[in-house]
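Participant: Here's the letter readout for the chains.
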Amino acid sequence: MEVRIKAENLTKRFGDFEAVKNLNLRIFSGEIYGFLGPNGAGKTTTVKMLTGMLRPTTGRVEILGLDMAKHEIEIKRRIGIVHEEPKLYANLKGYEFLNFISEVYNIEEDKRIEELCEAFSVDYLDRYISDMSHGMKQKLILVSVLMRKPDVLFLDEPLIGLDARSARILKGLLKKYASEGVTVFMTTHILEIAEKMCDRIGIIHKGQLIAEGTLEELRMKVESGSTLEDLFLQLTGEKEGIEEVIREL
Amino acid sequence: MRNLRILLKYGLKGTSTIQYGKSSKRGRMNPLLGAAMSFGFLGFMVFTYISSILSKLKDVYVGEINMAEFFTGLWSLYITVMFFMTFIPYLVYSFFKNEEIEFLLSLPVERWEIIFYQSIITFVNQAFIIAFNIFTLTAYAKVMGYPIYIAMISSILHVFACFLLAMLVAIVLKGFMGATTSKRMSFIVNLSMIVVFILLGQFSEKAENVEKFLMKLERTSKFLFSPFNILSFQIFSLENPLFLLPMICVILIVFPLLNSLSRNMSFEMNISGKSGKRRVGRKEMGGGLIKNPVYLKDFKSFIRQEQISFMFLYPFLFSLLMGIFAFSNVLGSMMIFIVISSFYTALISAFLLSLEFQSWPFPKSLPLNDSEMILPKVMIPTVLNTLSFSGILLIFRILGRVSSIDMILIPVLFLLEFFSACLGVREFMKNPVRGGIVNINRALGFVKVIMIEGITIGLAVVTTIPLYFMLHGERIFKSEFWDTMGKVAGFVGISIAIILSRRLFVSTLREYRTAE
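Going line by line, the protein sequences match chains A and B.
All residue numbers for the first sequence refer to this note's numbering, where the first residue is 1 and numbers rise by one.
All residue numbers for the second sequence refer to this note's numbering, where the first residue is 250 and numbers rise by one.
Please note that a few of the clues may not be correct.
Claimed, not checked - Straight-line distance between alpha carbons at most 25 Å, and here's what the computed PhoX-like set of lysine-lysine pairs gives:
| # | chain 1 | residue 1 | chain 2 | residue 2 |
| --- | --- | --- | --- | --- |
| 1 | A | Lys111 | B | Lys540 |
| 2 | A | Lys239 | A | Lys221 |
| 3 | A | Lys21 | A | Lys149 |
| 4 | A | Lys111 | A | Lys176 |
| 5 | B | Lys305 | B | Lys391 |
| 6 | B | Lys307 | B | Lys679 |
| 7 | B | Lys727 | A | Lys87 |
| 8 | A | Lys149 | A | Lys111 |
| 9 | A | Lys87 | B | Lys679 |
These aren't lab readings, by the way, just hints derived from the structure by calculation.
Excised from the complex, chain A in its bound form (with noise of 0.2 Å):
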């Protein structure tokens, strides 16, 4: 299989805060990739690094087999990116804000985001996107980003807003297009979806990937627990302690 996302000792310091250490990923196509960690663990930086939005402190990141120093324009072309926040150009109404997006990656087929707009319900175009709620703005960046059937994915937090059907036609799409050959990165909290969707699962914890791999291989690193919620908490040393704290509270 295809190395589609390759990171090595990858590294960010901000200050004397070192947010992500040493980190080594290899995300292969047509795979769903769940990455975990507690609040602050590192995750969107992470995120960030691996599509070029923030420059490591040292290490280097391959996307679809071309480097993120030499090539982060043509990267960005080929990738897509839903950001936990949806944050958007606030003076643009809707329908120009896809428009934007079209003629930025050279875009030209109308019909498939007819399709996308209809699936997600997105029938509110020509209203500002600073009258859109969380939930209507998340849809419309999940519109811009499919639209253009990027190589691989990055979704932070792709769920969190989205009403129950479009939460439903997203997943569905997410397992449909990595059947195609499309790879998904996806952080999340919600582990449930982590433990339907994903094929692998990395842990990262103060910065650092303390676990990686198959659900079950997962199991096998810890000792109890069979849901992804137990492992999690255990291999980020949270398990302990929990009771104690809602009988106190």
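Keeping the supplied structure of chain A fixed, place chain B upon it in accordance with the hints.
Facilitator: Just chain B, lined up with the frame of chain A:
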């Protein structure tokens, strides 16, 4: 009051100075010192210029009218009306619920504190008007031998009273109008006021014969120095400090009134667009000549933000009408355009760039290089203002008010505007405000606005006045030495603009590239 102090402490400061990976602060000037220097520089220029005019007019009487007093009265009136014209629409607009107000409303802060906070932040953009007023009156006091400290107190009281009155008008206007309608209405009213103001200005100058001129002068003087014209009380107070009392009374009456009105003020949500329409898929964006998507996006943002569209239209209409109706010499009109537009260009370019950071980190994910993102922010206000200036010159040329050689000013203006735009984006990039605080007054902090004001206005005056005089074979100063120095300063100014523009643009690109 404590909350207002806290809000202002952070609001006027602009953004945090903490930047990871940047340990060195060598060579950085204290920003407040920088602001004070810029304000001082601007004040010094106004003071010197007005003093030189008033010294010549000091002993000139037309009938019983002292021309120095007449000039000061008329100039103060212009400044005050200009202040109301620019300040009130901004303020009405800033009172509508934006993301910042929404955030402030979630804090345990009283409504009147939010209103005063917004008003003071908006007031910052009018700092050059404050400088004009304070230093005009002090120049008058110095020339006429009145105590300068009275002039300072009086002009500050005058500005404060005007500030409160403008706030009152803005709050009342806000109550009358709907959200979107008021944005557009205030914009139109504001532009109409320029026309009315300029037409009113006609009665001060231009007359075909001496008799008519004297009649106009007498009528204007009566109006200016009428005991009912509170706007002239700052001048009267120099002779009789009792005239300070009405200004203090205005402040004492308006302040509690504002307090009570602002406690009950509601902030409406600014909804626009038609939510009822069902549309899926794309439709044409209607860019016309603009084919580049980033230019088109930025241009749309430019025309949709009433505040910045106004910043573009204001110098155009103001200087055009001044040139047609008020000034016999079009240099004054052209200078108004150059000075105001170069300052506003910096604010517009900074604001356009701030829009990218409001949707951060999305722009960073686009397959566009840094100059493709930054250049439109610089070029849009630069090109539009250059076209606008060319339009004014063309109109004046048709009217026979300027000669063809004056067209040389167009490339000079382009350089100045380009420099201002580069300065705007550079200053913004030093501490870019991220997130959804959609307020033009917050794109740059107080200190930076004042600094930019000083630099752009200073450079505009230093470069264009000598050039204009040279083009017309006239002297700037009587003294040979100062005349030569003035002309040299003009060339130095242009050279500085060219060299610094490049440096500012390159360093902006560097900052944008590493922005996280």
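Participant: Going through the numbered hints above, which ones does this structure break? Give me the numbers in ascending order.
Facilitator: 3, 6 and 7
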